[in-house]
Structure formats: C-alpha cells, structure tokens
Amino acid sequence: MTLTLSRLIVALSASFALSSVFADEVQVAVAANFTAPIQALAADFEKDTGHKLVASYGATGQFYSQIKNGAPFEVFLAADDATPAKLEREGETVPGSRFTYAIGALALWSAKDGYVDSNGEVLKKNAFNHLAIANPKAAPYGLAATQVLEKLGLTDALKPKLVEGQSITQALQFVSTGNAELGFVALSQVYKDGKVTSGSAWLVPADLHEPIKQDAVILNKGKDSAAAKALVDYLRGDKAAAVIKSFGYQL
Amino acid sequence: MIEARFNVDYAAFSLNVDLQLPGRGVSALFGDSGSGKTTCLRCVAGLERASSGYLRVNGELWQDSATGVFLPVHQRALGYVFQEASLFAHLSVRRNLTFGFKRIGAAAQRVQMAHAVELLGIEHLLDRMPDHLSGGERQRVGIARALLTSPKLLLMDEPLAALDYKRKQEILPYLERLHDELDIPVLYVSHAPDEVGRLADHMVLLEDGRARASGPVGELLSRLDLPMAQGDDAGVVVQAHVCGYDANYHLLSLGFAGSTLRFQVAHTPLAEGKAMRFKVQARDVSLALEKPLHSSILNVLPVTVVAEVAAENSAHVLVQLDMQGTPLLARITRFSRDQLELKIGQALWAQVKSVAVLA
Amino acid sequence: MSLTGADFAAIWLTLQLATVTTVLLLIIGTPIAWWLARTRSRLKGPVAAVVALPLVLPPTVIGFYLLITLGPNGVIGQLTQSLGLGILPFSFAGLVVGSVFYSMPFVVQPIQTAFEAIGDRPLEVAATLRASPLDTFFSVALPLARPGFLTASILGFAHTIGEFGVVLMIGGNIPDKTRVVSVQIFDHVEAMEYAQAHWLSGGMLVFSFAILLLLQAKGRKAVVR
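Going down the list, the sequences are from chains A, B and C.
With the working numbering applied, the first sequence covers 112 to 362.
With the working numbering applied, the second sequence covers 378 to 736.
With the working numbering applied, the third sequence covers 103 to 327.
One or more hints might be untrue.
To be verified - Cβ pair distances, simulated, as ranges:
#	chain 1	residue 1	chain 2	residue 2	range
1	B	Thr475	C	Val163	49 to 55 Å
2	C	Leu307	A	Leu362	57 to 63 Å
3	B	Tyr387	C	Gly147	31 to 37 Å
4	C	Ala150	A	Ala317	45 to 51 Å
Unchecked claim - 27 Å max Cα-Cα, derived BS3-like pairs, lysine-lysine:
#	chain 1	residue 1	chain 2	residue 2
5	A	Lys235	C	Lys146
6	C	Lys146	A	Lys248
7	A	Lys270	C	Lys320
8	B	Lys651	B	Lys720
9	B	Lys668	B	Lys543
10	A	Lys158	A	Lys334
11	C	Lys320	A	Lys236
12	A	Lys223	A	Lys303
13	A	Lys272	C	Lys146
14	A	Lys179	A	Lys197
15	A	Lys179	A	Lys306
16	A	Lys334	A	Lys303
17	B	Lys543	B	Lys479
18	A	Lys236	A	Lys306
19	A	Lys248	A	Lys262
Don't read these hints as lab results, they were simulated from the structure.
Computed from a prediction, not measured in an experiment: that's the story for all the values here.
The C-beta atom is built at its ideal place from N, Cα and C for all residues, glycine as well.
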C-alpha cells in the first residue's frame, strides 16, 4: 500500500519537474498603471513562448520595500526609472537587464461624459469638490500630476481639493465611483486603440511634466529563470510594442 | 380584603387560583415547591403577566384583564422581599434603604427611616456595603427596604428559606414584631409549617397550581383531609393569652378564646394579658377514657372526638378532637384506638405532654 | 526625534478620531447593547450578527462598501447631498462614520455582556421599589454595568487608533482631515522614510501595550473587590 503511494508521489513530482523544465512561470511585479496592458500581453506571451506570467499589481514604492525584504518577484515593471536604478545600485538586480519599456502619459479623467473638456479648462474653472491623484510620494504618476498643476500655476488654488489614492488604481477608483468628480490617472487606464473608453478626458501634453520613463529590470530572484529572460525579450519586441502603444504609451 | 384571580399557562406548569384573603394580618401561601406559590405572589406583584388576571387590594383595582387594566409593578403600592435579599451591590445599606423611600414622595412616607431601622435592628449596618453583611443581616435590610416604601401590601417570598437555623431564629422575632406593630397586610410564601404556624393568621394551601384550601391557620392545620395533618410535626396552633404566672414553679398559665380551660407551660415570665400562640404537636397528645390522676403530665383536658383518619403509616391513626371550641390533634396507634373503642362524639381526656410557646 | 509637523498632525488627528468615535459609539451602542441583552425577539440573532460583522469582515470590504454607499451614487451619499452636506468620503465626518461601523462590536459587546450579567433580579427589585423602567436603567443598570463601559471605551478607542483599511479606502489621505497615523506610517514606508516609520510605529506599539496593561490592571482590581 505504502509502496504504491510513494510511487504515486514520485510520479507526480517528476511530472511537476518536467513541466517546469519546458514551461516556466515568471513572477512579475507590475506598476498599477500598466495593469491593463500587461493583462493584454500575458495571453500572447504564453502562446508565443509557453511561459506563464503571474502578475502582482501595486504602487512602485511599495514594491521597492517588498523586494528589499525578500519578496519572490523575478521581474519588476516599475512606473518610474528612479526605483529600478536604485535597486540596481543596491545590487538587487541582474546587471545590464534594465531598460525602458514604456513612457507614461497622464490623463485628466471623469466618469461623467462631457465633464472634462479636451483642453483641461475644467481645472481652471475649479467648480468641483475633489480632485483625485495618486500619492506623489509613492507613485510617479501622482508626482507627475503635481508637476502639471505646478506648471499650470494651479497648485495653491487646488491643494485643498486634492484627495490622494494610495496607488494610481485607487485614484481611478475614487473617480469611477464618483466620489471625486475628476482625477489624474494613467492614460492606459482609460484609453484603448485611440479612444477614451468611457467618461471624458483631457490627454495631458507631455511637456507639462517630467517624462514618466517606466523601466523594467530582472531581479536577483529571476537570475536563472528562462521565463524571466523570455519576458524581457518579449517586451522589447515589436508585437509587444504595438500593444503598449495602443494603450497610449510612447516608446 | 384582597381579591386575586390569576390564570397562568406555561409549558410545564399552569396556575389557576381564585382567592379571597383578609385585608389585614399575615396570609400565608403554603405548599410544596412547584405548587405555584411563588408564581402566585409574582402575579400579585405584576412581575408575571398572567394571561387573565384580577386583583383588587383593599378597594384599589390593580389589575383586570377583562377591562384592560394593568398597573405596572412600579406603580403598585407594594413592598417585595425576595428570597435572597437581592440588595443593590453598588449601594451602601443606607442608600439601599432610601432607594424606594425617596421615590414615593413625602406625603406617602408613613414608615420612617428611624422606625424601620429600629424595627429590624440594623442601625450599626447603615454604612456597610452589601457584600460585607451576613445572610441574616442582608435579609433584615431587604425587609426594612421594602417597608420603607410604606406599602399597602407587603409580599414576602420565603424570606427565611436561604438562611440557616440560627439566622432563622434570629429573624423570626423581627417578623413577629412586624406583624404586631405595623398595620400592613402581608402575603407570605412558605413551605415550612412552623413559620406559617408562628406568623400567619390566614393560610392558602396550594397544590399543582390550584388552591386546595383557604382559611384561618388554626382551622387548616387541624383538618384531617389536608396533608399538613399527615406530617411528622403535625399539630395545632392556638391563639392564646397569658392568664397568670407561678413564680415559684416558673409555670405560665395560658387561656384561649371561648374556653375556661388553662394550659400550664414551664417558661420565663410574660406579662399578663399578653397575646401569643402556642403549638401542640399531635404526637405529644395521648388519650384516656378516664381522667388520669397522679400523673406527671401537666395538662389534662376534657375533649370530644370529632373525626378520625388513618395515618400514612399503617400503625397510627390521627384523631381530631374538640377542646371547648378549639381543635386539637392526637396521633395514637391503631391498636390503642381499637382498645379504647373510639367513637365519634365520645368524651375523653387528652394528655398534652409538651406545649411549644411561639413567642 | 525625527518626527515632522505632519507626523504630529497625524497623531493629533488620530486621537481626535478615536475620541469622537468612542463617544458616539457609547451613545449609539448603549441602547443597542441594552436591547440585545434584554430582548427575546426573533430579530436578536440577525441584529447581533450585523453588529459583529466588522469582527470578521476585512476592513477593506467595509471600506469598499462605504466608498460606494457614501459616494454620490449610493444611498447615503444621495441623502447627504440632498441635505446639502456634500459627500462623506474624504472628510473627517466620513472617517467617523467608517470608524463607528468598524469599532461597533468592540463597544457594543462588552456593554451587552455587562448588561446580561446583571440578570433580571436587580431590575425587578428596582421596580418593586417604585422605579420606572427608565429610572431603573439609570439608577441600577448603568452603575452595575460600569466595568463593561470602561472596557468598551478602552477597546473602542484603541481599535480606532489602529484603524487602517477603512481609512485607506475612503480617506483620500488629506492632511489634518483624513491622514491618520496608520496611513502616515504606510506613506513613510512607501516613500522609504524608514526612520519616521519606525518612530510612529514604535509609538503606536508602546501606546497599544500601555492600553492593554491598563485593561489587565482594571480587570484584576475588579476581581479583588
């Protein structure tokens, strides 16, 4: 009886080991603004390489803390370039693996149709109660939003109306539930194939803020992972580029 | 007069009583546990909501389900003494006492603090907390507290049941003083014939939620058809008064209403004319066809046989006797009864071996 | 000490929130606790379950539903807007509403237990001593339930101090209005300001420990009495 059981266990383990040789999983930490694009890319990635993409979404600053404390991520898609660079300096990454996978764009968005005009004049009119942004200390898109307000000279006027979401996702949540009439979100969250998917938006011109260069990097935990290398290569490829651009990013 | 009619229907028990009780003195609700006496008392208080009920206390209508009248508990002019005192743990004795007192308004305060405190002997306890009192002390405070609401009816639910013998004996005199000094009618629940004999004027025997008998205490205790007569301490309680005292032999002479007969009891002196009760137990009464002379037994009295019933054990019979208008019970062996050829109406001599003076 | 003005503002705001919430809960929770302790109605079970929900629900669930309900499209949001009060998320009042829900069982349950421990007898005694039901509640039930109230206050206060998930969902991280200590710590960590995160967290740890010690001491004193 026990012999049969142990044979079964051996067989199962062997099949697991075998499957991992041929098709790996790669654990990816993904900045919240890239949620929709990575989900779109994951299916193609698996079809083309046989590897499976397992993603966790969150704020870039949060991921930094987790990675420093041993989180099992193998690849990190950040919302800025500063954080991957910091990790590189601190020896947490595979040297030479860092590259810019997208350049982010901001949108001023409202869930209500026609609320936000295509020039963003609604900001100056200041007829709203709450303007949502991501926490600038932890999310690069939040920082970019404050830079836009500064550039437009509206910081003092709008400061009392700011509400901060812990991530760009929560900022979007505040706006989509109507609790904030409008907010600065990542363009990729409300844009696809050349159109705003719902509500109304102002596509913020890139010259109003520091460029949001989003860098990817292979972390130490993914050093020997074939799947990690495959993902990075895939992201640099043309197929991925097309998908990424369709969400409003630059490359 | 107190008229009470209650119908209570619980899953395992029902109460169905129709009582007319005197509006003065102590009326006892007597019976075994489970007979419904506490439920009946709680219905009178309004703590139990009977499915149909009627209660009129000395002219005041407190409850009538037929017309929808129901005075809530806190609006009934009653005092309630619970079995375990139930003093408020967060208040001192003094503040327990004044709790009800200050809620009845100055005009209604007939019983005063000093009086109640002196009546129950609790002056030295006033500043203590309830958890620093003995059981007997707690109960006395509970009684005083109830009295201080100047109630029109005092309800007592087996107030001595939770006390040991010594404490009981300690409190009984206070209860007797209550009876003598205050003019408040009392409903007293008890399962102890001794307490009833000592304190009550009227009694109701409850069995399985029904009133089996109701009447003056002396009469009910002597009835052969009721369970009290079958008890080991069966006997009669006689309302008497002191006729005289023999200082030489320390003998108290007691007389009772409607009779020239006298009982002699060894006792400390009591004031002449003082009213008190005494108890004669059935097993202390023996019978003789002729007047026994030259006997050490003090009390030999002429009696007539009224009725007879077999005792629960097969060896004895209980005989009810008439003593110039007052009943007396005797328990003799069946053998003796046959020997004496006892008949109803027969004139005999009763020898009473021992008399218990109940204060 | 490397705590900034923003940190002290967060601490002060947190204390205010905990105090207001605790006071409100004592007022709202006492009648609820009394009803739960005394009722024989069939509604007792469901009501007790609703009160106890925050014990098992993740705070983010509470926060999420609050965000929807208090928002302009939700039942309460529409009510507050029609009353001219705007919406509750992103405001101190909104946090109070969230905290009241979140800490309710911590206040209601100890008070309920204390009321149950009283039993029927003292209340019956009070009635026979001419106290009306309201009078009985204030002169007998409340004093006898005092230990429960103390526990409820301490637990409610401490629990609100530590609240995070609900605040995160509906707070909006506004300084002096909704940026409480727990969120402030979170922000410091995200921004890699570890020294300040340590100071605030350490402070909260010491505070919570002191509270629990206080509760223990109180409990022991009650037994000795």
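Here is how each hint holds up against the structure:
1. Evaluation of the 49 to 55 Å hint for Thr475 (chain B) and Val163 (chain C) yields a pass: the beta carbon distance comes to about 53 Å.
2. At roughly 47 Å, the beta carbons of Leu307 (chain C) and Leu362 (chain A) sit outside the given window of 57 to 63 Å.
3. Separation of Tyr387 (chain B) from Gly147 (chain C) is about 24 Å and departs from the stated range, judged on CB atoms against 31 to 37 Å.
4. Remark: the range hint 45 to 51 Å for Ala150 (chain C) to Ala317 (chain A) is contradicted by a beta-carbon distance near 57 Å.
5. As the CA atoms of Lys235 (chain A) and Lys146 (chain C) are separated by approximately 54 Å, the hinted pair breaks the 27 Å bound.
6. Of the supplied pair hints, the one linking Lys146 (chain C) and Lys248 (chain A) is violated, its CA atoms being roughly 48 Å apart against a limit of 27 Å.
7. The hinted pair formed by Lys270 (chain A) and Lys320 (chain C) fails the criterion: a straight-line CA distance of about 46 Å is larger than 27 Å.
8. Our distance criterion of 27 Å between C-alpha atoms is broken by Lys651 (chain B) and Lys720 (chain B), whose separation comes to about 37 Å.
9. Among the hinted pairs, Lys668 (chain B) with Lys543 (chain B) is inconsistent with the structure: their alpha-carbon atoms are about 40 Å apart, more than 27 Å.
10. Straight-line distance between C-alpha atoms of Lys158 (chain A) and Lys334 (chain A) comes to about 23 Å, which keeps the hinted pair within the 27 Å bound.
11. Of the pairs offered as hints, the one joining Lys320 (chain C) and Lys236 (chain A) is violated, with about 58 Å between alpha carbons and a cut-off of 27 Å exceeded.
12. Taking the CA atoms of Lys223 (chain A) and Lys303 (chain A), the gap is about 18 Å. The hint holds against a cut of 27 Å.
13. A hinted pair counts as satisfied when its Cα atoms are at most 27 Å apart, and Lys272 (chain A) with Lys146 (chain C) does not qualify at roughly 43 Å.
14. Taken as a hint, the Lys179 (chain A) and Lys197 (chain A) pair is honoured in the structure, with Cα atoms around 11 Å apart against an allowance of 27 Å.
15. Using a Cα cut-off of 27 Å, the hinted pair Lys179 (chain A) and Lys306 (chain A) is violated, with the two alpha carbons roughly 39 Å apart.
16. Taking the CA atoms of Lys334 (chain A) and Lys303 (chain A), the gap is about 34 Å. The hint is violated against a cut of 27 Å.
17. Pair hint Lys543 (chain B) plus Lys479 (chain B) does not hold up; C-alpha atoms about 33 Å apart against a cutoff of 27 Å.
18. For the proposed pair Lys236 (chain A) and Lys306 (chain A), the alpha carbon gap of about 25 Å is at most 27 Å, so the pair holds.
19. Pair hint Lys248 (chain A) plus Lys262 (chain A) holds up; C-alpha atoms about 18 Å apart against a cutoff of 27 Å.
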